[in-house]
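Peer 1: Just so you know, the protein sequences line up as chains A and B, in that order. Just so you know, numbering that gives the first Met the number 0 puts 120 at position 121 of the first sequence, and the rest follows in order with no gaps. Just so you know, numbering that gives the first Met the number 0 puts 144 at position 145 of the second sequence, and the rest follows in order with no gaps.
Treat the hints loosely; a few may be bogus.
[Unchecked claim] Examples of chain A residues toward chain B, derived with CB under 8 Å: (1) SER105; (2) VAL109; (3) LYS224; (4) ILE242; (5) THR252; (6) PRO254; (7) ALA255; (8) ASP257.
By construction, these hints were calculated from the structure, which means they are not laboratory data. Where a beta carbon is used, it is the ideal one built from N, C-alpha and C, also for glycine.
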Amino acid sequence: MRRCVVGTLFFSLTAFFSATMLYAENMPITTSEELADEKLSEDSVSDKDIAVTDTEAESDETGQYGMEAETPLVKDTLQPFNRAMFGFNDKAFHYFFKPIYTGYNSMIPVQARVSVRNFYTNIRMPVRFFNCLFQSNFKGAGTEMLRFVINSTVGVAGFLDPAKSKFHLEKQERDFGQTLGKYKMESGTYIVWPFIGPSNTRDTIGLVGDTVLDPLTWVSWFFLKPIEGVGNYTYESVNKLSIDTGDTYESVTKPAIDPYTALQDAYLQNRMKRIKE
Amino acid sequence: MNKKKVMSSIFYGVVLLIGMSSFLWADENPGTLVMETIDRGLAVLKDPSLKGAEKSQERKQRLWKEISPIFNFEEMSKRALGQHWKKRSPEEKKEFVDLFANILKDAYIGKTDTYSGEKIVFVKDKQDDKDYASVQTKIITNTGAVILVEYRMLSNAGKWQIYDVIIEGVSLVNNYRSQFNTILMKSSYKELVQKIKEKSGKETT
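Sequences are here, hints too, so could you generate the full structure?
Peer 2: What follows is the structure, given as structure tokens:
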């Protein structure tokens, strides 16, 4: 057993180092034009990209009023549907998920819940690994590979996360929507999906891509009844929410004057940052 | 080197350091200013004499007193209202600044009730211009999650103040601006103020 562990560790370490050495400099997919742009706007990323026109960002910087420039509207052609869906999701969160995870919280200690999340995270490694590759982030892909090997073995089938705590290998949050964004796909119109929440055309395609890359999809497709598959996903999201205690959602919507717009804007700004990353 | 020489060199070193620090203090560094304010805020939250649900109001008040001077609410309101700011009369502006400050207070001070030992770490600060700076920090939660928080600061006659907070890429001011824009597209400024008043009324009760 120990030999096996040492063997795999050795193998993955060599694989990792060869990968990082070969591509020490990650190949940028960005064009030179964007690089120049990035340099200019490095410090005002969020000011500039999100719903603020260039002119406004500039005049902001000079401290002038300079707010005449209309902020371009977010593309939201499905607004009536989206607002209805937002209402539905909000109700589902408050009257379905919240009571469940609150009960679940009081029964299961946080350490156990984190372990369950770690387990799911570990299984989902191919999603992050392949998206790192698609984004030509070879260092990230190597990190993910190494994390998977360490956590699956030393981390007891992924329930623990020694790769982070002992080796300081951070999880690489990469998804297909982000990949498409890096290749300059437009975000398209804003969509709110039932249960899934805010998304847009690009990220919906991304979600489909990620679902295909996700081993859990294949497991539930081949080995589970539909109801078991749904149960699995529900359990996973409840578990995830129970760690976050719904904080992210509530800290956006609770202080908001118009929660729908607040969530929409927060989603779009956050996605923008992830694509820039 | 004899003892006297060592002593005197230490003495001069100390004198030099004191002189330098006073020189540095004159032009306060945005990074240290933010971190000091955060530390003072955390000290209030950790204060054993202010613990417990029944002390919640008192604790919030103390916390607000510690951290509110670092925020430039007027600048925040101006940016959040955007193009609509200029159309407002001075009284309306003043009223709006107070309302907006109240909203932010309720929203973010209210959240500290659930504080459970999260750490706040300084990452880096950057001064773009003479008057603009950004300070990056991260919050490390008990489950090991990291939340990036960036403070955008503006210097007003040597006094650094925060005009925007960016949490995981989401700018607070931009977030409110899109909300205000959405509301103002369909309704009047009066209705917006009414909505904000309702909101802060609900929070305090």
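Peer 1: How about LYS224 (chain A): closest beta carbon in chain B under 8 Å, or not?
Peer 2: It is violated, given that the least Cβ distance between LYS224 (chain A) and chain B is near 32 Å, above 8 Å.
Peer 1: For the hint on ASP257 (chain A), does the least C-beta distance to chain B fall short of 8 Å?
Peer 2: holds, 4 Å
Peer 1: Let me know if the C-beta of THR252 (chain A) comes in closer than 8 Å to any C-beta of chain B, holds or violated.
Peer 2: violated, 11 Å
Peer 1: Using the nearest Cβ pair, does SER105 (chain A) come within less than 8 Å of chain B?
Peer 2: violated, 15 Å
Peer 1: Once the shortest beta carbon distance from ALA255 (chain A) to chain B is found, is it less than 8 Å?
Peer 2: Hint on ALA255 (chain A): holds, closest Cβ of chain B at ~6 Å, below 8 Å.
Peer 1: Grab the minimum C-beta distance from PRO254 (chain A) to chain B and call the hint holds if it beats 8 Å, violated otherwise.
Peer 2: holds, 3 Å
Peer 1: Would the hint on ILE242 (chain A) stand, with a C-beta cut-off of 8 Å toward chain B?
Peer 2: holds, 6 Å
Peer 1: Close enough to count: is the Cβ of VAL109 (chain A) nearer than 8 Å to one in chain B?
Peer 2: holds, 7 Å
Violated hints, listed in ascending order, are 1, 3, 5; each of the other numbered hints is respected by the structure.
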